[in-house]
Amino acid sequence: MKRFLSLLLVFALAVDSFAAAANASGRRPNILLVMADDMGWTDLGRFGSEIATPNLDRLAKRGLTFTDFHVSVSCSPTRSMLLSGNDNHIVGLGNMGELLTEHQKGRPGYEGYLNDRVVSLAETLLAGGYHTYMAGKWHLGHKKGNLPFDRGFERTFSLLVGGASHWGDRLGLLPSDDPAEYSKNGAYLEELPENFYSSRSYADFLMESIRSNQGDGKPFLAYLAFTAPHDPVHVPEPWLSKYRGKYDQGYGLLKKQRWEAAKKLGIVPQDAELAAVHPLLKEWSELSDDERAMEARGMEVYAGMLEAMDYHYGRVIDFLKDIGEYENTIVIFLSDNGPNPWYSDEYPGAADPSFKDQFDNRLENIGHPRSNYAYGIGFGSASAGPLNKFKMTVGEGGIRSPFLIAGPGVKGGRQIDAFAYVTDVMPTILELASVSQLPKFKGSTMEPMRGRSLVGLLDGSSKAVYGPEEFVGGEMGGGKWMRQGDLKAVIVPKPYGTGEWSLHDVAKDPGEAKDLSADMPERLNQLMAAWNDYAKEVGIVPAE
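The sequence shown runs -21 to -1, 1 to 523 under mature numbering (1 follows the signal peptide of the UniProt record, and there is no 0).
By construction, these hints were calculated from the structure, which means they are not laboratory data.
Even for Gly, the Cβ is constructed at its ideal location relative to N, Cα and C.
Below, computed lysine to any residue pairings styled on SDA-like, alpha-carbon distance capped at 25 Å:
id	residue 1	residue 2
1	Lys242	Pro33
2	Lys122	Gly165
3	Lys473	Leu253
4	Lys442	Gly388
5	Lys243	Ala397
6	Lys487	Ala240
7	Lys122	Asp95
8	Lys493	Asp465
9	Lys442	Arg393
10	Lys243	Val256
11	Lys40	Gln394
12	Lys335	Asp324
13	Lys493	Glu252
14	Lys243	Arg37
15	Lys123	Gly147
16	Lys390	Asp301
17	Lys300	Arg6
18	Lys473	Leu79
19	Lys243	Arg41
20	Lys300	Asn192
21	Lys493	Leu253
22	Lys493	Leu232
23	Lys515	Tyr445
24	Lys335	Tyr322
25	Lys487	Ala509
26	Lys163	Tyr290
27	Lys40	Ile296
28	Lys243	Gly392
29	Lys515	Ile470
30	Lys487	Gly245
31	Lys487	Met499
So the derived label-pair ranges between C-beta atoms look like this:
id	residue 1	residue 2	range
32	Glu516	Asn344	45 to 51 Å
33	Leu342	Arg6	48 to 54 Å
34	Asp269	Asn174	29 to 35 Å
35	Lys487	Lys300	40 to 46 Å
36	Glu170	Asp301	29 to 35 Å
37	Asp484	Gly392	27 to 33 Å
38	Gly392	Ile302	24 to 30 Å
Between the sequences and the hints, there should be enough to build the whole structure, so can you do that?
Pasting the structure below:
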């Protein structure tokens, strides 16, 4: 009760900002914000996938498809920007909490959780008269005071760490997170329901939460943060068996098929080159029969997970239709980063027998409880389709995400090829909800949002929100990137890159196949200087 009473002090700051708009336009819209976990850029049918995602494809057809939307290289940095409208180095996730070095620990912006320099999306909308619900992956702090319930969500059911089994056994991805931590409405959970399956259970909780206040006249923010299709690859029937045999020809062929489909759909240029095969990746023919069987089975289950996620998202949409809220709901979908290149034993400490031996990773058990399998660099690269590289890198395959939006205020049926960034989501939602950012919260001055509202793109009144001369950049784990218009300067550290700057026109060459550094040295120097300015502005701390 005290937590919500304290919000009354800031509520008055928001009331005037939305009251007039609400009276002029009638009901303010609900917001359904849906995030996938470690999903590749071409994993949806709308982006060229063979995986069945009919519900999300309908969202794309009804609304807008963004083809040049960007996020961070990994989970928590992206989530921190999504829910703050600010840079991850300002809000506490300059590095993932699990990867903080001794040189970074204790430094501002490297707290490892969503810090108190910013007011969250949920806190802002709650103060502005919205109900706020969250189900799924949080990964922005696991101690009291940093839980989603503490950051503005009224009802929560959340995985607090970076990943875990999708079944109810709470098995973690790595020893430090085993057993995995969950919370419900601010209380830690000692166990999960016996019939728990992540995508189904999170969708169920979100629908229960919406129903709990149905009819009271308030709009809602419903944040559905699926943990699918993040490894370990787990899914029940009928999806577990659906894709058997589909990927027996290997990841090289799948990547080419996705590339061709993306060109046919017009989400990359017809003359876009396919990204180079990574040196660490073996040719499919070089693998043994057993290795090929395991790789293909991992992708089969991954595909089933993704289709199951789409199905449970569709259940939420059907529920909104049943209760009469669908037409008044803005639906947003994105992924937190690109596909994961790691195998399950590549996580810190995961190869230790004391941890690894609890799992049953025989071929016939992949996808079932107590398996712990990730599909790895081969099919991870294929999930990115024509893009270069994958999660944990600043190649386009790591930081370009599908972004779909539909609902009130959105002029649908269009493809948007303009650049947009994850920091733009919160200011966009606030404008659509007629709620202003809170300059002060709980007696402290808040950092202003760095992101920009995309409303001009949504309603068709603008063609871009970033001008051709403006700079936008990012960093994580030593990976650096800076955009100006269609040009991107980038460093991908070893082992996935060279560790040297390169320059690419990512509108014409999303696979980053051609380095323009030698042809345009002055532009590269300009972008490198802009990145240095950005690093000073947001307070980037090197790993050592």
